[in-house]
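These protein sequence lines map, in sequence, to chains A and B. Numbers 0 to 359, taken from numbering that gives the first Met the number 0, label the letters of the first sequence in order. Numbers 0 to 359, taken from numbering that gives the first Met the number 0, label the letters of the second sequence in order.
A few of these clues could be false.
[Said to hold, decoys possible] Chain B residues, not near chain A, derived (Cβ > 12 angstroms throughout):
no., residue
1, 17
2, 60
3, 79
4, 117
5, 131
6, 134
7, 135
8, 160
9, 163
10, 182
11, 184
12, 254
13, 260
14, 261
15, 267
16, 356
[To be verified] Pair by pair, the computed Cβ-Cβ distance ranges are:
no., chain 1, residue 1, chain 2, residue 2, range
17, A, 43, B, 53, 35 to 41 angstroms
18, A, 257, B, 210, 54 to 60 angstroms
19, B, 131, A, 14, 58 to 64 angstroms
20, A, 112, B, 290, 44 to 50 angstroms
21, B, 216, A, 308, 41 to 47 angstroms
22, B, 28, A, 19, 20 to 26 angstroms
23, B, 116, A, 22, 36 to 42 angstroms
24, A, 112, B, 260, 46 to 52 angstroms
25, B, 28, A, 341, 26 to 32 angstroms
Quick caveat, the hints were computed from the structure, so don't treat them as lab data. Keep in mind that this is a model prediction, so the values were computed, not measured. The beta-carbon is built from N, C-alpha and C at its ideal position, and this holds for glycine as well.
2 protein chains.
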Amino acid sequence: MRAFNFSAGPAMLPTAVLEQAQSELLDWQGSGMSVMEVSHRSKAFVACADQTEALLREVLGVPDNYRVLFLQGGASAQFDAIPMNLTAPGDRVAFLHTGQWSAKAIKGAKRQGLDVEVLADEAASGYTTVPAADSYRVDPGVAYLHYTPNETIGGVEFDYVPETGDVPLVADFSSTILSRPVDVSRYGLIYAGAQKNMGPSGLCVVLVRDDLLGRARPTTPSVLQYADMAASDSMLNTPPTFSLYLLGLILQWVKETGGLTAMAERNQAKASALYAAIDGSGFYSNPVAVNARSWMNVPFLVPDAALEKPFVAEAAAAGLTSLAGHRSVGGMRASIYNAMPIEGVRALIDFMAAFEQSNG
Amino acid sequence: MRAFNFSAGPAMLPTAVLEQAQSELLDWQGSGMSVMEVSHRSKAFVACADQTEALLREVLGVPDNYRVLFLQGGASAQFDAIPMNLTAPGDRVAFLHTGQWSAKAIKGAKRQGLDVEVLADEAASGYTTVPAADSYRVDPGVAYLHYTPNETIGGVEFDYVPETGDVPLVADFSSTILSRPVDVSRYGLIYAGAQKNMGPSGLCVVLVRDDLLGRARPTTPSVLQYADMAASDSMLNTPPTFSLYLLGLILQWVKETGGLTAMAERNQAKASALYAAIDGSGFYSNPVAVNARSWMNVPFLVPDAALEKPFVAEAAAAGLTSLAGHRSVGGMRASIYNAMPIEGVRALIDFMAAFEQSNG
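Same shape as in the complex, but just chain A:
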């Protein structure tokens, strides 16, 4: 039986996608070969990669003046690659600091010699809030504003898109991409590791506006050089072919299940049900400001930390896996990405009620 897997990433994948991958794992398109064994330069695989890009453009509504790059190294590689591609050492950049992932992005920008201006730092709330839209101003002289629309660890999500005027907006969409419609044209650059809503780990998608290409530092490693990668259709070197193939299957699944509008409705329903269960109990609590609650990652606490281990263990025994909070913060966390069905959330809510009954 398939578990309801609440892992923050790598995370649950659609069962239908895994079943298709399984059925053709040794014989892709009647070739007698696994898709993993096929040359990335073959006609069949190039068509697969092209179709994946076309589906991503269609599903996300990527405008024509944006390039789609399929890179390696996860979002973490982009913490260095973005400064390397968009700035010169000493340039000023602005950040909104809302948790551990924005902290890593800031660290990368500093490593690449940038003058980092933190416009808002939510330390005072313990990173359980997002800055109000009118509480900071973006200086037109910065190279970009970077923010993290969803903090996977804290379960903190922006309920608005920052206004930046002519300053390019750069965003780490790792844990929220494909979860709802997004107006790509508001952004200069969007990046996202695949291992939440887009497949297994090992692939990172970058959407970058054309006019931001061509500024890379000469020492940028070739595999992270946007303009060269764009010119080679992300095949300057061998791409992670199996991940690209799976992304294509997942995008097809998103499309067939109603696209991002339907996905957003399902995700909102899942999150609402879970937050309602937490709020309606005197036992569980969520530490995040209501306006900043994530649809994707729902951290919650029990009254006594000694109950955390039993909660996680008993849940796992009931087929609800990976509910421990991030090692840096403890507590519990339910990541409810696209592939988590509403039945999984209902099963979690039922389990929570039963656990409260026994331990409350």
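For chain A, the structure is supplied; the task is to place chain B on it using the hints.
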């Protein structure tokens, strides 16, 4: 029916490995989850990664004073990462230039500001030779000597390990790792993209001697920083988990089929049979110097280039796929990595004879 797939990479994988991956694709170790869906921080996955490293150490005989790193970005990322980790800008390094892959490594070293000394350049032979061991001298003042033990495109392989004294020897083993025993202690650093003998694309293995760690430039991207990656067991960020899992299965298969000594015997037998067929025919030819012939990649020509397309197409129809030479050189190329059975080579030899009969 499974094809005999002669692709240079991504390449054929052992059928037994693919069958195991297929059987447990939706339920790994009875977890109700795919290995792709499991957190890289989970006990089960950490054990899988640890076992993969232990198997690699056992099969390859990696000494204790070497670290094993599992990185992303393929060997191409290492063309920049090696200079970034081992040198300062302006340092002198030495190269043996034997084809397109050493050329890319040289380009990376120059991109990172190194003073590149090319000790041997096989341009005169059209890159069909390796330099004689006594034809160059490694200056003790260089940071390292880099060479490419096997040039995948040219089908050119060193029949000896260069002597470098105290100078670290750095080698791109992408297309030859695990094909035969190797004395790792002769090297300062070995790197290899996985997509030939170690699994699907998206994973790069780096073996680096302890004393070479800790010299990284401060601007090295975190995901390419050897010391930090070593300290975090290659989990500074999310590793390509499915690729790591498959590498473990492949190493188990190598071990069960007799380890690298038996692998070398099989690979030598395959290569000998194919070269004998080429040499014994008046129709086919291999352009490489006999002492430099690759066990892994066997390029060959027909008397008339107009016969290349029919050869490749008819072979594919007979279940012998991906025999076209690299787009930069044309001709044909049979890549016969570990997973290609001797039956595949025999089938190719039979097909070649029949094609010669019809077209000779």
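Going down the list of hints, with the structure as the test:
At roughly 5 angstroms, the least C-beta separation between residue 17 of chain B and chain A is not larger than 12 angstroms, which violates its mark as non-interface. At roughly 27 angstroms from the closest C-beta of chain A, the C-beta of residue 60 of chain B stays outside 12 angstroms, upholding its exclusion from the interface. A cut-off of 12 angstroms between C-beta atoms contradicts the statement that residue 79 of chain B is not in contact with chain A; the least separation is 4 angstroms. For residue 117 of chain B, the condition that its CB be more than 12 angstroms from all CB atoms of chain A holds, with the nearest at approximately 20 angstroms.
Annotated as non-interface, residue 131 of chain B keeps its C-beta farther than 12 angstroms from every C-beta of chain A; the closest such distance is 31 angstroms. Distance check on residue 134 of chain B: its Cβ is at least 30 angstroms (rounded) from any Cβ of chain A, clearing the 12 angstroms threshold; non-interface status holds. A cut-off of 12 angstroms between C-beta atoms confirms that residue 135 of chain B is not in contact with chain A; the least separation is 27 angstroms. With a least CB separation of 26 angstroms from chain A, residue 160 of chain B remains clear of the 12 angstroms interface cut-off, as annotated.
Here residue 163 of chain B stays apart from chain A, with its beta-carbon at least about 25 angstroms from theirs, past the 12 angstroms limit. Listed as outside the interface, residue 182 of chain B is consistent with that label: its C-beta sits roughly 28 angstroms from the nearest C-beta of chain A, beyond the 12 angstroms cut-off. Under the 12 angstroms C-beta cut-off, the non-interface status given to residue 184 of chain B relative to chain A holds; the minimum distance is some 29 angstroms. Residue-level check passed: residue 254 of chain B sits 21 angstroms from the nearest beta carbon of chain A, beyond 12 angstroms.
For residue 260 of chain B, the shortest C-beta to C-beta distance to chain A comes to about 26 angstroms, beyond the 12 angstroms cut-off, and the non-interface label holds. With a least CB separation of 23 angstroms from chain A, residue 261 of chain B remains clear of the 12 angstroms interface cut-off, as annotated. Every CB of chain A lies more than 12 angstroms from the CB of residue 267 of chain B, the least distance being 23 angstroms, so the non-interface label holds. Remark: the non-interface label on residue 356 of chain B is consistent with the geometry, its nearest Cβ contact in chain A lying 25 angstroms away (cut-off 12 angstroms).
Remark: the range hint 35 to 41 angstroms for residue 43 of chain A to residue 53 of chain B is upheld by a beta-carbon distance near 36 angstroms. For residue 257 of chain A and residue 210 of chain B, the hinted distance range of 54 to 60 angstroms is satisfied, since their beta carbons lie about 57 angstroms from each other. In this structure the hint that residue 131 of chain B and residue 14 of chain A lie 58 to 64 angstroms apart at CB holds, the actual value being about 59 angstroms. Taken as a hint, the range 44 to 50 angstroms holds for the pair residue 112 of chain A and residue 290 of chain B, whose Cβ atoms sit roughly 48 angstroms apart.
At about 43 angstroms, the beta-carbon gap between residue 216 of chain B and residue 308 of chain A stays in the expected band of 41 to 47 angstroms. Checked against the hint of 20 to 26 angstroms, the pair residue 28 of chain B and residue 19 of chain A passes, with Cβ atoms roughly 22 angstroms apart. At roughly 54 angstroms, the beta-carbon separation of residue 116 of chain B and residue 22 of chain A lies outside the given 36 to 42 angstroms, and the hint is violated. Separated by about 50 angstroms at the C-beta atoms, residue 112 of chain A and residue 260 of chain B satisfy the suggested range of 46 to 52 angstroms.
Checked against the hint of 26 to 32 angstroms, the pair residue 28 of chain B and residue 341 of chain A passes, with Cβ atoms roughly 27 angstroms apart.
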